[in-house]
Amino acid sequence: MLYLYDGALDVPKILKEWYEQEEGSNYGAYIPFVGTVRDEDNIEGLSFDIYEPILRSWFEAWQTRAKAKGAVIKMAHSRGDVMLHESSYIAAVFSPKRRVALEFIDEFVEDFKASAPIWKYDLKNGKRIYALERSTAIKGSGLLK
Amino acid sequence: MVRVEFLGPIQKKPLELDISNLNELAEILQEDKEMQQWLENSAVAVNDTLVSSRDVALKDGDRVALLPPVCGG
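Residue numbers (our numbering), protein chains in the order written: chain A, -18 to 126; chain B, 612 to 684.
Because the hints were derived from the structure by calculation, they are not lab data.
The beta carbon of each residue, even a glycine, is placed where N, CA and C say it ideally should be.
It is possible that some hints are incorrect.
What the hints assert, rightly or not - Covered by chain B, per the in silico footprint, the following chain A stretches (three or more residues, Cβ under 8 angstroms):
#, region
1, 32 to 46
2, 78 to 87
To be verified - No more than 30 angstroms apart at the CA atoms, straight line, and that leaves these computed lysine-lysine pairs for BS3-like:
#, chain 1, residue 1, chain 2, residue 2
3, A, K48, A, K78
4, A, K120, B, K623
5, B, K624, A, K120
6, B, K644, A, K108
7, B, K670, A, K120
Chain A with its partners taken away, still in its complex shape (with noise of 0.2 angstroms):
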């Protein structure tokens, strides 16, 4: 479950909204990680750009990782602008038990940050700037160097 919105992420509506449709599923826990835009750097917020095709399957082998250990993951995330003190990225993980939940979220995140197909602008006197020295180059670069 993956879900894209443009500009800052309704917090508080997507939690519940998530906590509603699994609040039957015997899930012993829910735990959700909230991304939030920092001031700092002078910034006025971030910027974002996502290549779905590739996310959505970057999501599906995370999902099928999931469901082996009967857990589920939800993730939101921005497109385009989002503003200091807004939130661009939500990320959860239900399941059984918390220890699953907790590896889970932990990985999950980790690999996001490395694999996930979305380049951040950091948005500065009006203009969007690539966050290079922030980003990561996906496994396997440089291959046609």
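We have chain A; now place chain B onto it with these hints.
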């Protein structure tokens, strides 16, 4: 023709090329000075699947994408 797309921050319009493998694509892109930095740090997908080897045959209608470093969240 093979369509080559440049994703995210790479400011380059898509190309339509008559090529049959990724080695031919590498030769073409290496001649483009503006692509040098991106070739160093970009991953490659063929028809929306990431590939780890240049040993991939390309046929008419295939799509190749270059994916520069990522940072979601």
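Do the hints match the structure? See the list:
1. 32 to 46: Holds, because 4 residues of the region 32 to 46 of chain A bring their Cβ atoms closer than 8 angstroms to Cβ atoms of chain B.
2. 78 to 87: Violated, because only 0 residues of the region 78 to 87 of chain A bring their Cβ atoms closer than 8 angstroms to Cβ atoms of chain B.
3. A/K48 / A/K78: holds (13 angstroms)
4. A/K120 / B/K623: holds (22 angstroms)
5. B/K624 / A/K120: With a Cα-Cα distance of about 24 angstroms, the restraint between B/K624 and A/K120 holds, given a limit of 30 angstroms.
6. B/K644 / A/K108: Roughly 25 angstroms between the alpha carbons, so the hint for B/K644 and A/K108 holds.
7. B/K670 / A/K120: holds (25 angstroms)
Checked against the numbered hints above, the structure breaks only hint 2 and satisfies the rest.
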